[in-house]
Every structure is written in structure tokens, then in C-alpha cells.
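> These protein sequence lines are chains A and B, in that order.
Residue numbers for the first sequence follow the numbering used here, beginning at 1 and rising by one.
Residue numbers for the second sequence follow the numbering used here, beginning at 522 and rising by one.
Derived from the structure by calculation, the hints contain no laboratory data.
Here the structure is a predicted model, which means the values were calculated and not measured.
Treat the hints with caution; some may be incorrect.
[What the hints assert, rightly or not] With a straight-line Cα cutoff of 27 Å, these simulated DSSO-like cross-link-like pairs (lysine-lysine) come out:
no.: 1; chain 1: B; residue 1: K772; chain 2: A; residue 2: K481
no.: 2; chain 1: A; residue 1: K279; chain 2: A; residue 2: K305
no.: 3; chain 1: A; residue 1: K206; chain 2: A; residue 2: K243
no.: 4; chain 1: A; residue 1: K193; chain 2: A; residue 2: K183
no.: 5; chain 1: A; residue 1: K203; chain 2: A; residue 2: K183
no.: 6; chain 1: A; residue 1: K137; chain 2: B; residue 2: K615
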Amino acid sequence: MKRPSLYMGWAGLVLALLGILGYAVAGEFKGLWVLPWGLSAVCFAVFAYAHPDRIRAFLTSRTARYGAGHLVTALLVAGIVVFAGLLSRNHAFRWDLTQDQRFSLAPQTVQILTGLQADVEAVAFFQGEGAAKLQGKELFDLYSRVNPRFTYRIVDPDRNPGQAKEFGVTAYDQVVVQSGGAKEKVNQLSEEKLTNAILRVTKPGKKAVYFITGHGERDLKDEEKNGAGLFGAELEKQNYEVKPLLLAEQTAIPADAALLVLAGPEKDLVPAELDALEKWLRSGGRMLFLLDPETVPGMTAFMAKMGVELGNDVVVDNASRLYGGDYLMPLAAKYTDHPLTRQFNVVTFYPLARSVDVLREKPQGIEVLPLAFTSDQAWAETNLAQLHNEGVARLDKDQDEKGPLPLAVVGTITPADPASAQAGPPDPDDAKAGRFIVFGDSDFITNQFLPSGGNSDLALGVVNWLAEQADQIAIRPKDRKNQPLMLDQMQARLLFWVPVVLLPLFVLGVGVLVIVTRRRG
Amino acid sequence: MRGTFVIFKRELGVYFRSPIAYVVLFVFILIAGWFFYNSVAMFVLQTMFQARNPFAEGLNATDMVISPMFLNMAIVLLMMLPLLTMRLFAEEKKTGTFELLFSYPIRDVEVLMGKFLAALTVFLVMIALSAVHPLHLYLLGVGELKVAAAGYLGLAMMGASFIALGVFVSSLTENQIIAAAVSFGLSLFVWVLYWAVQVAQPPLSHVLEYLSLVTHLANFARGIIDTADVAYYLLFIFFFLFLTLRSLESKRWRG
Chain A
1 MKRPSLYMGW AGLVLALLGI LGYAVAGEFK GLWVLPWGLS AVCFAVFAYA
51 HPDRIRAFLT SRTARYGAGH LVTALLVAGI VVFAGLLSRN HAFRWDLTQD
101 QRFSLAPQTV QILTGLQADV EAVAFFQGEG AAKLQGKELF DLYSRVNPRF
151 TYRIVDPDRN PGQAKEFGVT AYDQVVVQSG GAKEKVNQLS EEKLTNAILR
201 VTKPGKKAVY FITGHGERDL KDEEKNGAGL FGAELEKQNY EVKPLLLAEQ
251 TAIPADAALL VLAGPEKDLV PAELDALEKW LRSGGRMLFL LDPETVPGMT
301 AFMAKMGVEL GNDVVVDNAS RLYGGDYLMP LAAKYTDHPL TRQFNVVTFY
351 PLARSVDVLR EKPQGIEVLP LAFTSDQAWA ETNLAQLHNE GVARLDKDQD
401 EKGPLPLAVV GTITPADPAS AQAGPPDPDD AKAGRFIVFG DSDFITNQFL
451 PSGGNSDLAL GVVNWLAEQA DQIAIRPKDR KNQPLMLDQM QARLLFWVPV
501 VLLPLFVLGV GVLVIVTRRR G
Chain B
522 MRGTFVIFKR ELGVYFRSPI AYVVLFVFIL IAGWFFYNSV AMFVLQTMFQ
572 ARNPFAEGLN ATDMVISPMF LNMAIVLLMM LPLLTMRLFA EEKKTGTFEL
622 LFSYPIRDVE VLMGKFLAAL TVFLVMIALS AVHPLHLYLL GVGELKVAAA
672 GYLGLAMMGA SFIALGVFVS SLTENQIIAA AVSFGLSLFV WVLYWAVQVA
722 QPPLSHVLEY LSLVTHLANF ARGIIDTADV AYYLLFIFFF LFLTLRSLES
772 KRWRG
């Protein structure tokens, strides 16, 4: 019969285990949770006082000595294994055995990454655990493997709406690349886009956007409702340098201009100015035209040379009433499938706009597409006298064109060199070509209307697309080779028989043969 | 070294002179063949659907047949390898030959390596036979052999990891069924560790992702050989063989 104090040792052990369990569940060490620890200490103390001989015997036993030694070596080896694992992860080398090097970065990307002088972070806004996140993560891992100065962070915009707002993210799967103070948003992540974004945010110097002045254009310093101060500020936030350009004083367009904007001139440009603009466009320049109705009649001929038909009309749109707008404030909810608007599906408003269409006979080397359309309840009112004098707008079937009417067009000009002339129609996303966009309205970028609907997103998107640098790097996406497989009847039969019947039978046959010969032998 | 060879030969004899190896091989190759046939049949079917679509793209036998094949085989192996390893030490303990084994002038590490390599050999024969499938596909004109080779390297290393784990569990018990059940459970658990990656927060989720057996195989199966993945499997194997050795040695000092 053991003395009760012998059981105290066991009780102490059990209580200590309970204490650990309690701490694991509760996660705090106070109040009632301390109780088992205290009791366990008491039990051990009683046990140690009553049986010092047993404790001495246990500590000097073979099991204890060997066990402790083994525990130490096991921990040591575990430590070494963990260390080796970390080391192998941080100094990994990989071979890509796929035919088309699908899981490797293009040499251009590697070159840019190895030359990185500053830390670059990509903040990716992926929703949940979709394929976009997996692919994005894989791409980012490849980048940070080449240069650890590239880091990334994946944020779920649904779980962290605050961060999404902070980075101005409006859609899922957008990635913001930042370095120093510079930020660049990437839609539809690809190696090409990511590499170019990295290139841009790390490049010193900003892209210059020139606003032509001298003809009563919208003023970028003006904070009143008809000014464009807000738009200028938004552009500066996007890392652009916004400058005025008095065209009449210049002999040539400044060399650092990434984009010229003609924002709502009230008076016509003189022929010398127009010539300069045309030359600039044809040599790969970029321009944004915002031309209000009943102004600048001289631009009609100029735009015709660019393959654009400026309507001498005012767009009347009944659908605007739904949004609480004036019927002279057409809205666009339909956009063409163009790199610029592919993911854009927000309504934009154009107070007092004219229609801008594609000219039927396109000049050579210029590709023009309509960009945004009104609803089909709109029409282009041509009887302007009646509109002004009587305040009446009526759809005259034989004179007024019915909606959907294009409110903006986008044009691409292939520079006039013979080599590219043979290459067929210009690619709308060709970074080297001249680009222009014409809106039949300039009010939509004013302080009053820029915040409405998708106006600000569209306007910034337009500027970004137009100002895309010609020195951007082209990386062909790695499309998988298409390998169709058609089988004739014999092949189809073999496809079943070889893996499912013949191979298993072969294994079975060998087995039976071996066992049978062994039994006999 | 000689000791390793002696044990290796003895163990291989047990596998191949009894029906064990053939039954395991037969079942594995039958299931693997069935998987392969179905995934190719599906691929042919999709080819026919896409033949009507002139803009079809992305129909790739490497992506759709070869890479999934390795993950499918890995699942079958997950269930079958514990059956190969369960007997290695448990049987010796049950029949009482365990003590005899250690009375030979052979070191523990040689016993362990002999048994490990024997199970590994059976396993390598299993997957080597299945290599007929990617070759079959290649002869039909699709699929990349280099990617298949990378996949086999990954599969071999993952199988070796399962075997190392199984050997360790077998050294702990004298009951073969317990050995099989525990090593299956452990392998499966290490396999699905990555499920928790989505729930866990960054530092922990990275650790879980790294520890999971299957995330590393996925790289190999797509044709990527990464030294970090190779190191992961080698360390995994080393660690469990080391633990087995400790467990064998404990026989000497535990009563």
C-alpha cells in the first residue's frame, strides 16, 4: 500500500497538464486559470518533501539520462533541419523545363529587375482565393526572386476596404506598384504591364502633360466650378507634371511633352498652330482634344484630316433625366472594346456635348474608333437656332441623327515610314504610334463635373493611355501552344488497352510466374 | 555498407518473393492507368469540341494530362505507401526477430538504410512502370517529356518522404495496422497542411505552405525544378530517418 503522498507527484503532473491546457484555450494567465498551476506546484512540493529519494533515483536513472540526451540531440537536429530549410529557400535556384519557358521571366524583365536602384512594392488587390491571386502571387514570386528589392503584398479589398480606398483601387485584381512617392496602377496584371510599371515608378522625373493655352481653354489653376483645377491636381497625384503651353510663342512642341491637351478652346487655333499639332501627331505625338459644341469651327476641317467627324450639333439625351440631369447632359454607359475602356463600366456625364464620329473615308495610316456612346434615347440636335431661341429640342427624323451617338473617338496614327505601312492596320495598343482622343465636350473635366459618375476615372484613364511611353517594353505573353489530339480508331483502342489492361496484366503475369516457380522449386 | 546491402537484399526478397510487391504494383498501375486513360480521353474530347472553334487556344497536353497525372499518382501513393512500409519494423517486433536483427554485427543505421532502400526500390519500380504513359502520349505527338521527367523526380522524392515517415512510424509499434493507419494519417495531414494557408496570417501561413508536402510537388509537376523543393524533400527524408534511428537506439536503453 503506497502512502498518499506518493500520489501527490502524479496529481502535480496532471494539474500541470491542466494548467497548460487551460492556458492554451483561454490564452491568458490570470484569475482562475492560475489555479491549476498553483495547486500543481503545491503537490510537487509535498511530493519532493516526502520522497527526496525517489526524485534523486529518477534523475539518475538510465532512462532519464539517455532520454534527456536524446531529446537534446533531437532538438539540435530539428534546429539544423529548420536552418537548412530556410537557407535553401533563400538561396533557391530553379530550372524551368517547359518548352516555352513558361515559368520564367523575359530577359528584359530580368535586366530591369537586376538594375533596380530603389525598393519597389506591389500592392495587389485580389478578392478571396481565386485564380487571379494564384497567378499574381506566382508572378510576384518570380520577380522578388530575381531581386529582393521587389516586394509585394496581397490585400483583399473586401476585407480591407480602407486600404483599397487609400490606394484608389476601384476594381478587383488591380495592382498598385509604388516606389518612393511614385505610384502606378496596373489593370489586368501581366508581366509586360508589371515590368513597365516598375520601370516607370523607378524612373526619375515625371511625365509632362502640356495644356495648350491662349484660346480660352479651361484653366488648370481655376478652382471655380468651370475651371479644371481639380483635374490638374488629380494628374499631379498620378505623378504627372502639368504645364501650360502657349503654342503661339513656341516654334516646336517641347521635347519632354508626353501629351498635349486642348481643353475646350473658345477661339480657333491659327493655321501655324494646327500645322504644328498635325506634325507632332504624325510623328508619334499624343493629344487629347476636348471640343465643345458651337465653338472652334476651324477644328472641323483639322479633325477631318484625322478621320474624325465633328458634329455641328448638341446632343440631347432623355435618359439623363433618370440620373437627375438636364436633357442637355448626355450620359455614356456604353463603351467600345478598346484597351482603354475594356474594364470600364461606369456611367459618365457630358454636359452640353456635341457628337464626334468616325469619318466614313478614313485617311491612310489612321485608325479611328468610337469610344463612348450615348443611350439610344439621345439624338444630335442640329436645329441650334430653334434650341436657343425657343428652348425647344425636337427629333427631326430627316435632319437629326438618332442615338446611340458616339461622344468620343480614339485614333491611332502610324508614323509615316514605309516599313510599318505594309504591316496592315495600326494596332490600337501599339506604344510607338501617335494617339489622339477627341471628346465633344470639355465640361466633364471641370471642377463641377469631374467627380460625377465615372468622369474622373475615365479622364485619368484617357490621360494614362495617351501618355503611355513609346519606350515601353514589349513582352510577348506566353500563350500555351495549342496541341490538339485526334486519335484514329486503332490509337483510341490502344489508349485504353495499354494503360488499363496490358500493363497491369503484365505485372500480374510476372507476379504469378515468380510465385508459381517458387512454390514448385 | 555491406550490412546495408545484406538487409536490402533480404527485404527486397520479402517483397518480391511474396505476392506483396506484385499486388501493390498491380493495383497501383491499374489505377494510374485508369486515371491516365480518362484524362487523355477527356483531352481528346475537348479537342473535338474546340475543333469547331477557330479561335481555340490553350489546349495543351502537358497542362491537361501530364501535370495532373503526377498529382493523381501522388494521391494513390499516399494511400499505398503506408502498406509497403508498415511491416518493415513492426513485423520484426511482432515475430520476435527484432532483437535477433540487432544481435547481428550490423549497425542500426545499416539496418535502417537497407529497409528504407528496399521499400524505395519497390516504389521506384511502381512509378517507373507508369512512365509508359507519358511516353505513350509523346508517341501520339503531344506532351513534353522534359516536364514529365521533372514530375517523376518530384514524385520520387515525395514517395521517398512518405516512405521515410512510414519507416519511422513502423519502428514505434509492433502492430502493422497501427503502423499503416498512423503513417497514412500523418502523410495525409502533412499533405493537407496547406488548407490552413488561406485562414492563417502571413508568418504562419508561409510556414504552413512550406511544410505542406503537396505544394512542392506542384512545381515539379509543371516542369519546374527548384532547389528549395529538392532541399525540402531531402530534409524531410533525413529528419524522419534520423528519428527512426533514435527510436531504434532507444531499444537499447529503454527497458
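> Would you mind marking each hint as holding or not holding in the structure?
Here is how each hint holds up against the structure:
1. K772(B) x K481(A): violated (58 Å)
2. K279(A) x K305(A): Within the cut-off at roughly 12 Å; holds.
3. K206(A) x K243(A): holds (12 Å)
4. K193(A) x K183(A): holds (14 Å)
5. K203(A) x K183(A): holds (11 Å)
6. K137(A) x K615(B): violated (50 Å)
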